[in-house]
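Chemist: Going down the list, the sequences are from chains L and Z.
With my numbering applied, the first sequence corresponds to residues 1 to 183, in that order.
With my numbering applied, the second sequence corresponds to residues 1001 to 1107, in that order.
If you are wondering where the hints come from, they were derived from the structure by calculation, not from laboratory data.
There could be a bad hint or two in this list.
To be clear about the criterion: a stretch of chain L counts as covered by chain Z if any three or more of its residues have a C-beta under 8 Å from a C-beta of chain Z, and this derived list gives those stretches [claimed, not checked]:
#1 36-42
#2 53-64
What follows is a set of in silico ranges between Cβ atoms, one per label pair, in the way DEER data are often shown [as the list claims (entries may be wrong)]:
#3 Z:K1089 x L:A76: 24 to 30 Å
#4 Z:G1036 x L:T135: 27 to 33 Å
#5 L:A176 x Z:S1007: 30 to 36 Å
#6 L:L149 x Z:P1069: 52 to 58 Å
Beta carbons are placed, not taken as given, at the ideal position from N, Cα and C, and that holds for glycine.
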Amino acid sequence: MSGLRRRVASMLLEAGAAVLPAARREWGEAMRAEAAHLGEREVLGFAAGCLLACLGERLHALSAVPAPVRGGLAAALLLYAAFAARSALRMAEAQPPTAAVFAGVAAAYALAALWVVLRRGLAEAATVLLVLNLTAAAGLRWPGLAGSLPLDGALVSALAVEGVVIGLAVLGTCLACTQRPAA
Amino acid sequence: MPRRRHSSPQAALVFAALAEDAAGWQHGYDLSRRTGLASGTLYPLLMRLHEAGYLDARWEEAAAPSRPPRHAYRLTATGAAFGRDLLAKRDLLAERAPVAGTAEGCA
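All chains should be modelled from the sequences, with the hints used to inform the complete structure.
Modeler: Dropping the structure here:
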């Protein structure tokens, strides 16, 4: 191993191999072996792609929950989307910017439910919701940002925190459903 | 598990690249360059195709002794047949597209 790029690539590939489901472990080895045959210029991009592939595989494996659980969680996401849409309608006249945020949230949860139903990607949907809400929650805590936006900051912040909790709860359910007892 | 039908445009690219040298074994990075697919797209596809029985995979000793063995891939007979079918369907669709465009233009 030599060169900064190769060292970073090696770290990315190690991380990827660590998150891969056990049944896919050989593929992690295949990616690492392939990287060892690449030049300094291409190895980093290759390794970054492999890390994404490994994370995707982990989420894919986590999404393999029993159908009733998946259906129940999709229904819960849809219900949440309906509540957010109703709130958006109620706020439309008094607080249009905050209503727009609620409408966006309703659309995001409805899309997530659709993704769960059509692609069975429960963990993928939960991760996207989690990242979006974490970003929003962190952004609203940025000094001066919340005050400069024409939004009900406390309400939108609470919505983001709620989203983080929902995302974690869904991922936790996926983990609980897919974890097998050690042999 | 999610349904995967292995007939996406990306899968077609992989089938086409592997079919070019159906008897030969090909490596991940070469496939990535030839298909234009990033490793993040290519490897999940290779995993699915292998799982579906469309792809054989084996470890090959490296030419240089200091390098580790390399994972190599080629289509199975089932994979080759599926790939031929898929590529033929895509060719048909591509042939039909300009005709539809012309008809629209005339209307």
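Chemist: A separate judgement is required for each hint: does it hold in the structure or not?
Modeler: Taking the hints in turn, this is what the structure says about them:
With a threshold of 8 Å between beta carbons, the proposed coverage of the stretch 36-42 of chain L by chain Z holds, since 4 of its residues qualify and at least three are required. Under a criterion of three residues with beta carbons nearer than 8 Å to beta carbons of chain Z, the stated coverage of the stretch 53-64 of chain L is upheld, 6 such residues being counted. Between K1089 of chain Z and A76 of chain L the Cβ separation comes to about 39 Å, which falls outside the hinted range of 24 to 30 Å. Here the CB-CB span from G1036 of chain Z to T135 of chain L is close to 31 Å, well matched to the stated 27 to 33 Å.
A beta carbon spacing of about 34 Å between A176 of chain L and S1007 of chain Z agrees with the range 30 to 36 Å that was offered as a hint. A hinted range of 52 to 58 Å holds for the C-beta pair L149 of chain L and P1069 of chain Z, which are about 56 Å apart.
Hint 3 from the list above is the single one not met by this structure.
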